[in-house]
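Peer 1: Build the complex from these two chains, which are given one at a time in their own frames, with help from the hints.
So you can see what is in the structure, the chains are spelled out below.
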Amino acid sequence: MVGKTNLDQFGMGSNNTNLVFGPVLNPKYPIEDNPRVAGGSSGGTAAAVALGSADFGIGTDTGGSVRLPATYCGQIGYKPSYGRISRWGVVAYAQSLDTVGIVSKDMAVLRGAYELLDQYDEKDPTSMTIETRRRIKRLSPVSPASTSLTIGIPIECLVTELVPEIKDSWLKLLSQLKQMGHQIRTVSIPHIPKLLLAYYSICTAEASSNLARLDGIRYGHTAGGGAGSSSAPEIMAETRTKGFHIETIRRIILGTYTLSGVSGNHYLRANQKREALVKEFNQIFNMTNPLFHELIKRDDSKCDFLLIPTTITKPPTLEEAMATAKENFLTAYVNDVFTVPASLAGLPALLIPYDNTGFQIIGQYGDDEAVLQFGSTIEHNCI
Amino acid sequence: MRFIRLLSHSTISRFKLDPNYAFKCGIEIHTQLKTKYKLFSLSPTTTSSHIVPPNSSISYFDIGLLGTQPKLNPEALLLALKLAAALGCEVQTTSAFDRKHYMYPDQPLGYQITQHYHPIAKNGSLTLRSGVDDEGNYRLDADKCINIEQLQIEQDTGKSIYTDDDEIKIDYNRANMPLVELVTKPDFENFTQIRCFLRKYQQLVKYLNICSGDMENGAIRVDVNISVNGGNRVEIKNLGSTTEIKQALRYEYKRQIQLLQVNITVSQETRGWNGTETVKARSKEDAVDYRYVPDSELSQIYLSPTIAKEIYDEIEPQLPERVLQKLVLSPYDLEVKHAKFLLDNNDNVLPYYFQLVEAVGARDPHIKCTTINNWMFHEVLGSFHKNNQIFDINVLPFDKLASLITLVNGHDSRLTLTSARVLLTHVISNPGDARPLDALIEELDLEKPRDVSEHDILEAVQEICLEIIEQNPDVVKKIRAGKAKSINHLVGLAMKESQGKVKSSLFLQTFQRLI
Numbered sequence: 001m002v003g004k005t006n007l008d009q010f011g012m013g014s015n016n017t018n019l020v021f022g023p024v025l026n027p028k029y030p031i032e033d034n035p036r037v038a039g040g041s042s043g044g045t046a047a048a049v050a051l052g053s054a055d056f057g058i059g060t061d062t063g064g065s066v067r068l069p070a071t072y073c074g075q076i077g078y079k080p081s082y083g084r085i086s087r088w089g090v091v092a093y094a095q096s097l098d099t100v101g102i103v104s105k106d107m108a109v110l111r112g113a114y115e116l117l118d119q120y121d122e123k124d125p126t127s128m129t130i131e132t133r134r135r136i137k138r139l140s141p142v143s144p145a146s147t148s149l150t151i152g153i154p155i156e157c158l159v160t161e162l163v164p165e166i167k168d169s170w171l172k173l174l175s176q177l178k179q180m181g182h183q184i185r186t187v188s189i190p191h192i193p194k195l196l197l198a199y200y201s202i203c204t205a206e207a208s209s210n211l212a213r214l215d216g217i218r219y220g221h222t223a224g225g226g227a228g229s230s231s232a233p234e235i236m237a238e239t240r241t242k243g244f245h246i247e248t249i250r251r252i253i254l255g256t257y258t259l260s261g262v263s264g265n266h267y268l269r270a271n272q273k274r275e276a277l278v279k280e281f282n283q284i285f286n287m288t289n290p291l292f293h294e295l296i297k298r299d300d301s302k303c304d305f306l307l308i309p310t311t312i313t314k315p316p317t318l319e320e321a322m323a324t325a326k327e328n329f330l331t332a333y334v335n336d337v338f339t340v341p342a343s344l345a346g347l348p349a350l351l352i353p354y355d356n357t358g359f360q361i362i363g364q365y366g367d368d369e370a371v372l373q374f375g376s377t378i379e380h381n382c383i
Numbered sequence: 001m002r003f004i005r006l007l008s009h010s011t012i013s014r015f016k017l018d019p020n021y022a023f024k025c026g027i028e029i030h031t032q033l034k035t036k037y038k039l040f041s042l043s044p045t046t047t048s049s050h051i052v053p054p055n056s057s058i059s060y061f062d063i064g065l066l067g068t069q070p071k072l073n074p075e076a077l078l079l080a081l082k083l084a085a086a087l088g089c090e091v092q093t094t095s096a097f098d099r100k101h102y103m104y105p106d107q108p109l110g111y112q113i114t115q116h117y118h119p120i121a122k123n124g125s126l127t128l129r130s131g132v133d134d135e136g137n138y139r140l141d142a143d144k145c146i147n148i149e150q151l152q153i154e155q156d157t158g159k160s161i162y163t164d165d166d167e168i169k170i171d172y173n174r175a176n177m178p179l180v181e182l183v184t185k186p187d188f189e190n191f192t193q194i195r196c197f198l199r200k201y202q203q204l205v206k207y208l209n210i211c212s213g214d215m216e217n218g219a220i221r222v223d224v225n226i227s228v229n230g231g232n233r234v235e236i237k238n239l240g241s242t243t244e245i246k247q248a249l250r251y252e253y254k255r256q257i258q259l260l261q262v263n264i265t266v267s268q269e270t271r272g273w274n275g276t277e278t279v280k281a282r283s284k285e286d287a288v289d290y291r292y293v294p295d296s297e298l299s300q301i302y303l304s305p306t307i308a309k310e311i312y313d314e315i316e317p318q319l320p321e322r323v324l325q326k327l328v329l330s331p332y333d334l335e336v337k338h339a340k341f342l343l344d345n346n347d348n349v350l351p352y353y354f355q356l357v358e359a360v361g362a363r364d365p366h367i368k369c370t371t372i373n374n375w376m377f378h379e380v381l382g383s384f385h386k387n388n389q390i391f392d393i394n395v396l397p398f399d400k401l402a403s404l405i406t407l408v409n410g411h412d413s414r415l416t417l418t419s420a421r422v423l424l425t426h427v428i429s430n431p432g433d434a435r436p437l438d439a440l441i442e443e444l445d446l447e448k449p450r451d452v453s454e455h456d457i458l459e460a461v462q463e464i465c466l467e468i469i470e471q472n473p474d475v476v477k478k479i480r481a482g483k484a485k486s487i488n489h490l491v492g493l494a495m496k497e498s499q500g501k502v503k504s505s506l507f508l509q510t511f512q513r514l515i
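If you're matching them up, the sequences are chains A and B in order.
Heads up: the first sequence begins at 1 in the UniProt record's numbering, then just goes up one per residue.
Heads up: the second sequence begins at 1 in the UniProt record's numbering, then just goes up one per residue.
In case anyone wonders, no lab produced these hints; they're calculated from the structure.
On a predicted model such as this, the values are computed, not experimentally measured, just so you know.
Take the hints with a grain of salt, since some may be wrong.
With a cut-off of at most 20 Å between alpha-carbon atoms, the simulated EDC-like pairs for lysine to aspartate or glutamate come out as follows [said to hold, decoys possible]:
| no. | chain 1 | residue 1 | chain 2 | residue 2 |
| --- | --- | --- | --- | --- |
| 1 | B | Lys246 | B | Asp214 |
| 2 | B | Lys71 | A | Glu131 |
| 3 | B | Lys71 | A | Asp121 |
| 4 | A | Lys123 | B | Glu75 |
| 5 | B | Lys169 | A | Glu234 |
| 6 | B | Lys144 | B | Asp187 |
| 7 | B | Lys71 | A | Glu122 |
So these bits of chain B aren't anywhere near chain A, every CB distance computed over 10 Å [to be verified]:
| no. | residue |
| --- | --- |
| 8 | Gln203 |
| 9 | Ser304 |
| 10 | Asp313 |
| 11 | Leu417 |
Cβ coordinates follow ideal geometry from the N, Cα and C atoms, glycine included.
One chain only, chain B, in its complex shape (with noise of 0.2 Å):
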């Protein structure tokens, strides 16, 4: 009691190390697979509550039915083996299944199929990139190499709703979907490394297509194990976000300090988050015997020692951090944020990227990618975020802004960049407007004046300017007494009455030459 008193004192909001006192943490990553069926039955795997009623998605073998056997389908193992060799991990040539026994109403077999004695693959690794793999404020001090002991495929169980009757309710839609089971070595030092881990992994399973890596409808489900000063481990599971795993981290790692400043030793257990702290949920002493079997219904899995390699090759080149790699270098010359945000949407817009790049090197080849960078990044997502959308490629298809930006900065450049911006927030504010760029153009009248010679220009221009000088002798005062900035707003103005059909350059020279 006097230690939880301590605690709820301590409202740290920072996750700061005490030097005095080393944390050392390890993980478990539950990974739900993306296959078409479930892992030993041919139920889809679409269980979503949102998407299909509770109990729907379920075939006889998932809700435990006498008589039934499970069939491992193929897809899960594939995936799995694809996520063993992008961790580099030695797929093992003989793997096997095993029975965890324990009851529970969300548990229908009595037991869960998983990989204990046996599993699929080990040894691999996962090394974290300084100023590459940095998560937002979470900056790397250096290199990191995360080793993962071992990946095992396994079960999901369904899922208990605890109603407020004091009713459970079970939905066994989640029964017998795959998973696979990833634990790492106690390897991360700080809640850095464990919060720059998980994002390149959730990247990593999201672009190979195993997972849709989300945390919040629990595809991933992280279980940490931290001591402190070499002392007992203690798992805490469950933990639903990477908020809620850094909270009880911090709450676990100074329960654990308090502990020994009064040469109490830490005992092993498993804790559970309960959203404020970490509570027992049970000692090593009262701990589960799972009482695990070799499952003799279903056959050891025998794979060629050559397998991990052939499906490394293949992809390799898909690898996000390849994609990263290539990204950054000539031609595309990406600034790291950048690619980063195409690899965390590599399902659509980097997709839509690679094929804008092509688009408007077939248009005019001396755009460098630079320029379309700029385009895609700042002008664009500029765009859509200053009217409070998310970037859809339906709205701006990638042929649409290719012709845009060959339209300013191709050879016969017809379009100003001001012009382009308006073009751009009317295609963006009007996603039903099909229309191509010329039509719309013409209509909003962006085209830079192009049959009329270039004196008649110079004539208008300055037509304009002496009307702005006009009607605007404060500024020109100012600007004549010294303040040369103030030119910009007259500009600004000429921009305006001009709709930006002119170069914002040439009112600057016609300004300075009359003032």
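Next comes chain A alone, as it looks inside the complex (with noise of 0.2 Å):
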């Protein structure tokens, strides 16, 4: 192990700016003159394997924090499915969404560095089982040397909002798909544009919960503890009001009223929106949702894998990120828009790094060899 990367706090930020240890900059761009950011959460790791000073890195990724520094340092990066890897250990930001992913140069390593890490845990209670493990070999229908599949283009992410230079490189790259024999076919999947707010809804209320236990009292940083001198509420709140960044305290804050009887059961219509996104799913895939039991049959209006950008701007600089951040926060959430569809079905997404940008490769849930499989074509033959 060569060491512990810089993170925006807790796994909350798009930017790397929300940081207790200061902002990682972005190595692929110079430094010396106006640096951009390397793109968070989890920048420092994408930034590490970027400099080459480790062959690759893991970080969490609840909404895109490892799919979107590896876009903008142009690293591969890897969501598994969720439950691939065992959260134990795992700072839990939100705990329905948390999965650990991979950032490598090299695809044959992150393979490898995948494959170690992919067991079943009992530590873990969201663990993918041994019985679904065993369903998913049976169920995924792409043969790893298949030259004939069928990519799907969600309508849906064609947004106005994405910048000409990404959607040019879209289109290069599915036409060189295309020539090597792949069909190219657009679907549907009508929950993507509704699903920021479920998503922002989901993400701070199991924030709210989850870092309810940073209270001070029995680990980690405490404030106002004076010997006998404040009341246990006091050395909690003020423990919670330094130790946090603004941007932790603001989700915490929302989340808390997500989840308070005032809100109108936001988390619950959050999730049955998420239920929904999971069947639209299962609807546009040849593969079968290894947790549902009615079987899928193969058509040709279904897709093998989804091909999508991850994000709708190149890198910001530091200074335009800390300007807009100022401005309005929420602008920083808007770029997780690409990479939260995969995040709350619990999908696998691979992140190729393309001319100056990347492309997720989204398969079903538990299709995580055959998308890493298609990656590894693709790097062969894309690149």
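Peer 2: Written as structure tokens, this is what we have:
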């Protein structure tokens, strides 16, 4: 192990600016003059791998925290299916979304690391069961050597905010795949535009719950605890006010509201959207979702993978990022629009760096092997 | 203030209800489950500060370390299901855990894992039987069914210890201990029903080995809800004993009546008990928003629809009510109070009793259970009591007592009751003396004269009697003057003289003849 890397506090951020140890700069761009951000939250890992300090790095991906910095830093990033890699030891941000992701320059190294970590762990109650792992092996229809796959493009991802360079790169990659013999098809996942709200309701609600234990009583940062001088509520309040970054506080307050009696069941409704999203994904993938009983038949309207961008823009400069955050912190949230669908549905998503940006290959839940195999094919033929 | 002053004068020792003011009460009981490990971790449940140092029986998860996750202990689930089955609850085929948020130093996660939306069991009941489930002076007028709304599995918190220097010391040993919370319907109409319910419940959980059943050490904790004449209900939390429950309810009942008498509506609120009065803790308006949310780290519990019946069939013969029925009927024929004593001591005395009955039967099948019961509850417990000891089955193993009973009441009776009592006293006061009964009988010279002819015995008896008559002329005079009962005094002296080896009836006959 080489070291621990910097990140937005508790994984909350897209630009790696919400942190205790100062921002991570993007090594892909000159850092002396108007440096660009490495992306967040696992920006330290992506930057370290980009600099060649490590062959691969791990970080958590709750809503894109591995895929976004990998895109910005030009690395391969992988968010496995939910439950593939044990969360034992992972500081929970949003426990129903948190996954352990991997960043590397090299597909073979990344796959080696993944195979090592992809194990059932009885200590993690949300670890993918051995039974589900077996079922996946029987259900995955894609043979690794297949030369004719169907790639789906959700029409809901063709947003106007997408900058032209990224749109052009996307088209270029798709035409290369077509030349290789794969089919390209549009599909529809109507819930995609509604997901940001659902995602932020869920992750902030869960974060407000998970971070409640950080009260300064048993471990970690403690403020205001001069012997016998403060009451317990005072110690807790001061510890939390001083210890948490402003963005963390913002999300805890938002989540506390979401779970409160006055919010009108936001958390429940967000999870209903999530269920609906999973059903929509089940409709468009050739592979049956191993967690559902009805078997899906392969037909012409379905696809094997989705291929979508990671981000709507190029990495902003540190200055831009700071300015936008000050102006309206919600702007940073919009950046997650392409990464949260896979997070909410627990799907495997591989980020392939391409043309100064990056694209995600998203497969059905549990179809990690096929996604990685297809990633290797693209790495060989398109980059 | 006016009401508090009024109340301070009303020092009533008994809890009497005013017929104009209907008392209505429901209770919540927290029962600590007797599992080997905690609810969601593998730390041992030996957490009492008398046995282990504070904060020594804790795992990473118990103290809420980051990066740790809960894992449901199936033993806790089983015990909760046993309780649900024993109370006739509908066990839910799907139940789940939720997080209940509040911050307190002894709550390590910042939330408690409980079952708010989908509890493990609903709609049970426990029927109190008049004449059977009475508790001391608290006698039930009639049978009463107490309905149970639901049972939920949840975590206990750590313990806050307040020191004299205004410091709080926190012991997390109790954190994550498994609890079942039971909520009754507001079916209680008086304190007697509450008292009898609690006793019956304690006995049930103890008997099924679900919980130690003790209120003193907090293994069972009770909150009560009380309303008068259908008004708003007031919750009184953290009552540590039945005495506190009684005092708090009595105070609160009076308080609500006094409010109603001056047309003030009782407000719905939570109150505490400070030893003399109930004190407002918080009103309905400023109730804590617990922000209940399903705990997505714990999978739902799916159970077969037949599981409640399967468990019930298994525990049915061991249910205290069934055992009580068995004990008061033939062949045991125990009195209800003695049967209840055995149930209360089901971990040692009850099995002892069954072993004793079997052992006596093996030695002499003609000895009736009523004779054995008399030995057990009068002679044995009485002797221990006289010796200021608590009955200890190790001092008097069941086979020793079986032999003793057979020696007196068996076909070939070798000991008189009086000799047997001497022997029993010897055994109890010399727990170290493990010699067999025969050796003790010989040493203490207690055996009935056996090798002596009937004639010789009568002669010896006559000799003793004559001697006593001679030494007690006053008593003889009284008897002759018509005080027939005084003859018992002489019989007593004769028994003492003969060390109880001769039946008292023989002495009585001889005295009657001689005087």
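Peer 1: Tell me the hint numbers this structure goes against, listed in increasing order.
Peer 2: none
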